[in-house]
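As given, the protein sequences belong to chains A and B, one line each in that order. Its first residue numbered 1, the first sequence is counted upward by one per residue in the numbering used here. Its first residue numbered 1, the second sequence is counted upward by one per residue in the numbering used here.
Some hints could be false.
Simulated restraints on C-beta separations [to be verified]:
#	chain 1	residue 1	chain 2	residue 2	range
1	A	K358	B	K291	56 to 62 Å
2	B	I191	A	L489	22 to 28 Å
3	A	V552	B	I191	26 to 32 Å
4	A	A571	B	I191	38 to 44 Å
5	B	L461	A	A181	28 to 34 Å
6	B	F194	A	P502	48 to 54 Å
7	A	L277	B	I191	32 to 38 Å
8	A	Q338	B	I374	57 to 63 Å
9	A	E485	B	E324	54 to 60 Å
Dumping the calculated DSS-like pairs for lysine-lysine here, alpha-carbon to alpha-carbon at most 27 Å [stated by the list, open to error]:
#	chain 1	residue 1	chain 2	residue 2
10	B	K358	A	K358
11	B	K16	A	K367
12	A	K358	B	K291
Source of the hints: derived by calculation from the structure; they are not laboratory data. Where is the CB? At the ideal position from N, CA and C, for every residue including glycine.
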Amino acid sequence: MPKTNKLEVDIASHSIQGLKDNNEDAVGFFVPEELPVLEDKGIVLAVADGVSSAEAGKEASDTAITRFLSDYYQTPDTWSVKHSGQKILSSINLTLFKRSHEFASEEKGYLTTFTALVLKSRIAHFFHAGDSRAYLLRGNEFKQLTRDHVASIGSGRSFLARAMGMDNSIQIDYSQFTIEADDVLLVTSDGIHDFLTEEKIIELMSAESSCQERIEALVKSAFDNGSDDNISGSLCQISSLPNESLNDYNSKLTRLPFPPPLDEGVILDGYKVLKELFASSRSQLYLVEDTETGEQMVMKTPSINFEEDTGYIDRFIQEEWIGKRINSDYVVKIIKQQRPRTCLYYLMEHVQGLSLDKWMEKNHFPKPKVAFNLVEQIAKGLAAFHKMETIHQDLKPANILINDENQIKVVDFGSVFVAGLAEVFIPLEHEGVLGTATYSDPKYLLGKNTGVQGDLYALATITYEIFSGKLPYGDKIEECQTAFEYDRLRYISATEANPIIPIWFDRTLERGVSFDLEQRYDNIPEFIQDLKKPNPTYLLDDPKVTKNKSQVLFWQLLSGFWILMLVLVVALFAQG
Amino acid sequence: MSHEGKMNLLNLADPKIKMLHITWFAFFLTFVVWFSHAPLLVFIKEAFDLSSAQVKALMILNVALTIPARIVIGILVDKFGPRIIYSGLLIISSFICIGFAMADSFEQLALFRFLLGFVGAGFVIGIRLVGEWFPAKQVGIAEGIYGGWGNFGSAAGAMTLPTIALMFGGDDGWRYALGLTGIIAGVYGVIFYFVARNTPKGSTYFKPKKSGGLEVTSWKDFYFYLFMNIPMYIALAVLAWKLSPSGVKLLTTETMYIMWVALVVLFFIQVQSIWRVNKENLTHGVADIEKYDFKQVAILDVSYFVTFGSELAVVSMLPLFFLETFEGLSAVQAGMLASGFAFMNLVARPTGGWFSDKFGRRRSLMILVGGLAIGYMVLSQITGAWAIPVAVIATMCCSFFVQAGEGAVFAIVPLVKRRMTGQIAGMAGAYGNVGAVTYLTVLSFVDYSTFFMVIAASAALIFFATMFLNEPKGHMAEVNADGTVELIDVD
Chain A
1 MPKTNKLEVD IASHSIQGLK DNNEDAVGFF VPEELPVLED KGIVLAVADG VSSAEAGKEA
61 SDTAITRFLS DYYQTPDTWS VKHSGQKILS SINLTLFKRS HEFASEEKGY LTTFTALVLK
121 SRIAHFFHAG DSRAYLLRGN EFKQLTRDHV ASIGSGRSFL ARAMGMDNSI QIDYSQFTIE
181 ADDVLLVTSD GIHDFLTEEK IIELMSAESS CQERIEALVK SAFDNGSDDN ISGSLCQISS
241 LPNESLNDYN SKLTRLPFPP PLDEGVILDG YKVLKELFAS SRSQLYLVED TETGEQMVMK
301 TPSINFEEDT GYIDRFIQEE WIGKRINSDY VVKIIKQQRP RTCLYYLMEH VQGLSLDKWM
361 EKNHFPKPKV AFNLVEQIAK GLAAFHKMET IHQDLKPANI LINDENQIKV VDFGSVFVAG
421 LAEVFIPLEH EGVLGTATYS DPKYLLGKNT GVQGDLYALA TITYEIFSGK LPYGDKIEEC
481 QTAFEYDRLR YISATEANPI IPIWFDRTLE RGVSFDLEQR YDNIPEFIQD LKKPNPTYLL
541 DDPKVTKNKS QVLFWQLLSG FWILMLVLVV ALFAQG
Chain B
1 MSHEGKMNLL NLADPKIKML HITWFAFFLT FVVWFSHAPL LVFIKEAFDL SSAQVKALMI
61 LNVALTIPAR IVIGILVDKF GPRIIYSGLL IISSFICIGF AMADSFEQLA LFRFLLGFVG
121 AGFVIGIRLV GEWFPAKQVG IAEGIYGGWG NFGSAAGAMT LPTIALMFGG DDGWRYALGL
181 TGIIAGVYGV IFYFVARNTP KGSTYFKPKK SGGLEVTSWK DFYFYLFMNI PMYIALAVLA
241 WKLSPSGVKL LTTETMYIMW VALVVLFFIQ VQSIWRVNKE NLTHGVADIE KYDFKQVAIL
301 DVSYFVTFGS ELAVVSMLPL FFLETFEGLS AVQAGMLASG FAFMNLVARP TGGWFSDKFG
361 RRRSLMILVG GLAIGYMVLS QITGAWAIPV AVIATMCCSF FVQAGEGAVF AIVPLVKRRM
421 TGQIAGMAGA YGNVGAVTYL TVLSFVDYST FFMVIAASAA LIFFATMFLN EPKGHMAEVN
481 ADGTVELIDV D
């Protein structure tokens, strides 16, 4: 088989009604033609066995398969496979369930099993509910991937314990594993697997024919063995896996050269540089004007200091990619370019305003209503990231702009971690830690991915700073590098800096910036809620803080006393 | 081709300009302390009744420890950040300097001078710091200012220390002068700790992933790299020999042998460390885009050997040279005249970088190295019969080429392999110090005139080496008449 550099399979499906009156099975697969879709969403094969005692079994299974195949590919590419699959399936389940309850009689229901395999990059994911099955044949190893959801009621009889449409929520079995070239994957309804031995299945799966021929052989063999049910299945063999060599990946990334440092008045790709807004050792921002439309926007260019740093280039490209997909009033929009690019940069809308850190310098102790409104807006901006299953990971006041009407925009996509992207096999390792020491979750800086809680920490720290003008753990947090150093920090009550802050508000902040993930809020809405309304548990005042300090002092004094005594004893007895 | 951003050096409100001033001054002080002995050698010689050989040994000892110190400091900076390391360095060097000022035997003098070699590694700390604060457009100039104005510290010392010593008066005047420099350095170390920041507010200090050696991209380069490490060990081995009974008798023969063995062991440890860093690249191959020619690094190394190496050597001996060559000069005057050499640092080093940007890398380097070869040849002809002003002008002209050459080398360093800039800079710097040790060792065998000749001859050789430098490739940006920027592929 010819070796190319993308996921390639031979795939086929087949379904017959067998000895029954209707075919209540449904089976299907989809191989995207466009490479971006193939890489982001992958290949799907699925089987659904409509429950025959339910009247609408056929409609249920048809719905399940057609909807899964279409809706899955509509999910945002930043969603992970797991998230996409689960969301779609729970939606389909709800639809089926609602329809079932339109019927007065219990027997008429839209019930179906469902088993699907999604192949993306070098990983296979399966979603499963019911008694249909998925199998893997690798060389000589044969494995049933799924567990049958059946319950036995004695005397050899069993019934289906789980199915789509059964209840308003469904628990889907999910798992993933790495695939290798020449793997053969099979999904079957029980019409096949209840009537063939494992050896027979293995024999037919590993036959030297096309997948179409093999699946038809499987179906026929089951029929010949006396199968009295609908017989369906889908078979897939991996011909080649994507494995971009380092060279290929590099050349894809570095196709575009870095732009040189730009001066005022210079025109790049039809964009005229009006002035340099910001320059750091890592990137530059310029205010530019589109010479065709006159529109003003901001151009972000990478710093030539990183000209050969593939990790940096990777992140830079990722920023734009992610920015394009986030659509929120609270996040700066990426502008799609109409003209071809000759070098690496991207364009954003121009947001007029002051950065939050400068605003805070000018507005010490702002009115609570104003401050709270800002916090809520930032939270909404973060929600836009999280909805796309991306974590910002580098939220800080310098990344947030406020305009004259006190409206905020998050203007940076910095270190965004994308769950979907993390599943695509990227040969390069990212070096160093991204994120800013002052506002980043210490757990994250120490190497642990804390997800949404990480962004919550940043939000809580910023909230603290807006209200009190100081940092929750003092300035020393910037220097901390090890867990030990973080342990030595103590939370400083916000009321110390700004006396009007009530205890319950301070406690909310304290929990928000807690280093302990169990203590910290695990979702932003709850944090915001507690900022708005006093949480009754916080109204209990227990003065824990002072006790800590005096204990240390006590032991220090005691030790000093003991040393003194020791010296005295030694002195006395030495003389004697 | 780089665009030079306009930098307003007086704009102290700009935090990065403030940081630049704070940092170059720290480097300036390290150079004052490091070469504080040079203008005062005549007093020290008298006070301890030292032979000429012993004086020259002191000069060599001063620059010896810097070679390994650079590596150690580099690792520490990567781990702890520039701020605390620079403060620490200044404070520790202040103690060592005061120790030197209080020494009462040649052995003690030698010991403290040897330890002071550590302070010469301050350069790498500031480079890292400047790199974090300045955008690409300005970082070249910022580093040129940092290096040039810092190096000027040795000239400032040469100009003022003899006068200060005389002000304190008496036989021990020089001790107080030296001690004073130590105290100033220590105090500034504390100030630096409180005022400096590792990075602009809001960005984290990035720790590079692999530290421990340069990464090479082919087997040929690997062996070349190993080979290029040998001169450093040879220089230290010769120094050990110089200190043994065959030389100034500071070490016993046994100690010398022990040091030689230690150097061999260290060499093998370094080879192992280099292998460890490069194993994966060499066995699995490296992407085409990552490949670079080690030859470029080697040429930069030897260029820095002859430029910075000769500067350090000459700065060490020039005051004494003036005193011994010309009649009727006082120590103060000799110091003043000798300071002309390092004085040029203020403008020459940044200018060298500018030359390199404007006229092409290879051509500038060739011209500058060739220029300094001629310059040193002129210096070798100086005798007592010359008019002093002419001699001073000669040294200043020569020094211009020397220091501009240093600037040119460092302008090329980031262009060889961006990611390895720190490592390449480190190796070049180490070679600079090896040059200093080498030339000063030569001086311990010959007279001043031959000393200059040797430098000139080595420069001539290295001139031929620079002809092999490849002009760094990539994309060049051209700005057309109507303002549009076009990128041209230069390969």
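Outcome of range test on Cβ distance (A571/A, I191/B; 38 to 44 Å): The hinted range 38 to 44 Å holds for A571/A and I191/B, with Cβ atoms some 43 Å apart.
Holds or violated: K358/A to K291/B, with C-alpha atoms at most 27 Å apart: Judged against 27 Å, a Cα distance of about 44 Å means the pair is violated.
Outcome for the supplied range 57 to 63 Å, where the beta carbon pair is Q338/A and I374/B: 58 Å, holds
Restraint check for K358/B with K358/A, where alpha carbons must lie at most 27 Å apart: 39 Å, violated
Verdict for L461/B, A181/A (Cβ pair) under range 28 to 34 Å: The hinted range 28 to 34 Å is violated for L461/B and A181/A, with Cβ atoms some 57 Å apart.
Whether the CB-CB distance between L277/A and I191/B falls inside 32 to 38 Å: Between L277/A and I191/B, where Cβ atoms are some 33 Å apart, the hint holds.
Pairwise beta carbon distance, K358/A to K291/B, judged against the given window 56 to 62 Å: 45 Å, violated
Range hint 22 to 28 Å (beta carbons of I191/B and L489/A) holds or violated: With Cβ atoms ~26 Å apart, the hint holds.
Pair hint outcome, K16/B versus K367/A [Cα-Cα no greater than 27 Å]: With a Cα-Cα distance of about 33 Å, the restraint between K16/B and K367/A is violated, given a limit of 27 Å.
Outcome of range test on Cβ distance (F194/B, P502/A; 48 to 54 Å): 36 Å, violated
Outcome of range test on Cβ distance (V552/A, I191/B; 26 to 32 Å): 31 Å, holds
Supplied distance hint 54 to 60 Å, evaluated on CB atoms of E485/A and E324/B: Taking Cβ atoms as reference, E485/A and E324/B lie about 56 Å apart, which means the hint holds.
Going through the hint list in order, the structure does not satisfy hints 1, 5, 6, 10, 11, 12.
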